[in-house]
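Chemist: Sequence:
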Amino acid sequence: ADRIIVGDRVAVTRIDEKTGIIEKIFPRKNQLLRPVIANVDQVVIVMAIKNPDLNLYLADRFLLQAETQHLDVLVCLNKCDLAAPKEVKAAARHFEAAGYRVLATEAVHNVGQRRLRALLAGRISVVAGPS
752 ADRIIVGDRV AVTRIDEKTG IIEKIFPRKN QLLRPVIANV DQVVIVMAIK NPDLNLYLAD
812 RFLLQAETQH LDVLVCLNKC DLAAPKEVKA AARHFEAAGY RVLATEAVHN VGQRRLRALL
872 AGRISVVAGP S
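If you read the sequence shown in the working numbering, its first letter stands for residue 752, the second for the next number, and so on.
Honestly, the hints are just simulated from the structure, not real lab data. Careful, some of the hints might be misleading.
[Claimed, not checked] No more than 25 Å apart at the CA atoms, straight line, and that leaves these computed lysine-lysine pairs for DSS-like: (1) 801 x 830; (2) 769 x 801; (3) 840 x 801; (4) 830 x 840.
Construct the entire structure; sequences and hints are all you get.
Modeler: Right, here's the structure in full:
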């Protein structure tokens, strides 16, 4: 590694309580370019179902970047309270048919948030989406 980036695993020699020297950067298992981050376990792609409408082209761009790095992907369909249940199910089936894990969420009634926390626990995740 020529420069340290977020996610790098390093060996540090402690000088005092607030200061240390990075002695070694360990090999990266992967690296994303946008955002610049290393050693990611999974990518969480957050896409709204409505407001704005689901943009499959943009989702595919995020999925392609994750696939090129061989990363696990979780597609998080957000704002599900704004769409008809059949629309949410159709969107979920679209991604599931391609082999991706899908979680439907919405903040108003905390739908899916406990499951999302469980899927994030103990993993280094990068969150990607249109905003």
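Chemist: Of the hints given before, which are not true for this structure?
Modeler: 2
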